[in-house]
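So the sequences go chain by chain: A and B.
Using this note's numbering, you'd call the opening residue of the first sequence number -6 and step up by one each time.
Using this note's numbering, you'd call the opening residue of the second sequence number 155 and step up by one each time.
Hints listed in this document are in silico derivations from the structure and should not be mistaken for laboratory results.
One thing to keep in mind: the hints can contain errors.
As the list claims (entries may be wrong) - Partial selection, computed: residues in chain A whose CB lies under 8 Å from chain B:
1) Met45
2) Val211
3) Phe225
Claimed, not checked - With a cut-off of at most 27 Å between alpha-carbon atoms, the simulated BS3-like pairs for lysine-lysine come out as follows:
4) A/Lys100 x A/Lys142
5) A/Lys79 x A/Lys24
6) A/Lys15 x A/Lys170
7) A/Lys33 x B/Lys162
8) A/Lys170 x A/Lys33
9) B/Lys258 x A/Lys24
10) A/Lys162 x A/Lys(-2)
11) B/Lys168 x B/Lys214
12) B/Lys168 x A/Lys142
13) A/Lys162 x A/Lys252
14) B/Lys214 x A/Lys142
15) B/Lys258 x A/Lys162
16) A/Lys252 x A/Lys62
17) A/Lys15 x A/Lys100
18) A/Lys79 x A/Lys33
19) A/Lys252 x A/Lys18
20) A/Lys18 x A/Lys33
21) A/Lys33 x B/Lys214
Unchecked claim - Beta-carbon label-pair distances, calculated as ranges:
22) A/Ala51 x B/Ser211: 33 to 41 Å
23) B/Ala250 x A/Asn101: 43 to 51 Å
24) B/Val169 x A/Ala22: 42 to 50 Å
For clarity, every value in this text was computed on a predicted model and none was experimentally measured.
In this text, a Cβ means the ideal position worked out from N, Cα and C, and glycines have one as well.
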Amino acid sequence: MPSVKDLRERIRSLKNTQQITKAMKQVAAAKIRRAEAAQKQARPYADTLSEMLRDLMAAVTTVDHPFMKPGNANAPLGVILMTADKGLAGAFNSNVIRAGEHFAAGKNVAWYTVGIKARNAVRRAGHGDRPTWVLNAPSKIDVAREVAKRVTDDFVNGRISGITLISSKLISMLSQKPETRALVPIVADVLPNGSAGHTEADASRRGAVEFAPSPEFVLSRLLPKYLEFTIFSAMLETDAAFFAAQLLAMNNATDNAGKLIDELTIQMNNARQAAITKELLEIVGGAEALVNG
Amino acid sequence: MASTIPFKLITPTKVVFEGDAELVIAVTTEGEEGILPRHAPFLAALKPGVLRANVQSDGKSERLELATSEGFMQALPDRVTVLVDEALHFDDIDVAATRDELAKATDPTAIAFAQAKLRLVGSQA
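Please take these sequences and the hints and turn them into a complete structure.
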């Protein structure tokens, strides 16, 4: 049985841990609010972009854009694996990484990584130095542009056969799931379709939209932006999902530490009581021996 | 009072302007294009340049001028929406940094955007 002193030490260190997890929880809660605000601010752009894309897709007949054609079939498939930079968020990063491994099994894959954890996983798997970016950059849109530019270059020059993005989807505060999306080459059904309430007005409008200089040209400008923005919004979502996962993980850690502290406190009290009882018995025994002697 | 149309200027990170405009002039790949209220449905690609608009604020007409990078302009009978990568006000532009950028830039879009920023500063200085 551990001594009272040992137990007291353990309780103290647990209390320190609990303080740290509690602080991290509060930080995560604050950061998730910021991440969600950033997501919200990107919403108008996303909505307008999809709306324009819908109008264009309805108007174009043929598009001479590399994104709309199958890539070099002999080249590996380009996969962008996106995680957070840091851990301490439960299985958040490893879920995405596992989804990536699962997806890549049996395929010839060229990796691109966003987030330090993804980079490390790809290195550990022995793929060497692949292009990588950090998630937590001062300007996420600039990073998204760089990523988009790099994968577009590789795709257009036949170094990869397509572009797939694996990142985290924030389902709710309690649940995040890895999501795999094929971005390029663009298949018609990947593009956003008319959502409810929009379709009627769209249909009547479409025939008359005038494109300058031509719908094909505007679309060829819009597709790269669409890729850029998809990567950007995935980064925002990964960010928000990460803090949600961290909030949950830290909440659990704080609770667990609390339970352990309670258990150890009872053990310590028992041990102290046992020691006192034993001492008393010794004193009483000693006194009786004196009286009888 | 001139007739107006709801006008929104949006970048990936924020809505730069939202309000009523009497006139919006943007630089499309085909040249400058001015949009008045009740314009026919229209969608064009924009190149970097100075976007100008006459907007209403507190019932008064005001001139809005911004340096914008690549993007798109959509005009519908009931609204005008401009999507750009970046849109900067006169106050947001650091002239020295922009000159630096211009000297280093190799990408035609970056060069055109830097030039647009300087043009905006020049027109207001």
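*Numbers of the earlier hints that this structure fails to satisfy, in rising order*: 9, 10, 13, 14, 15, 16, 17, 21, 24
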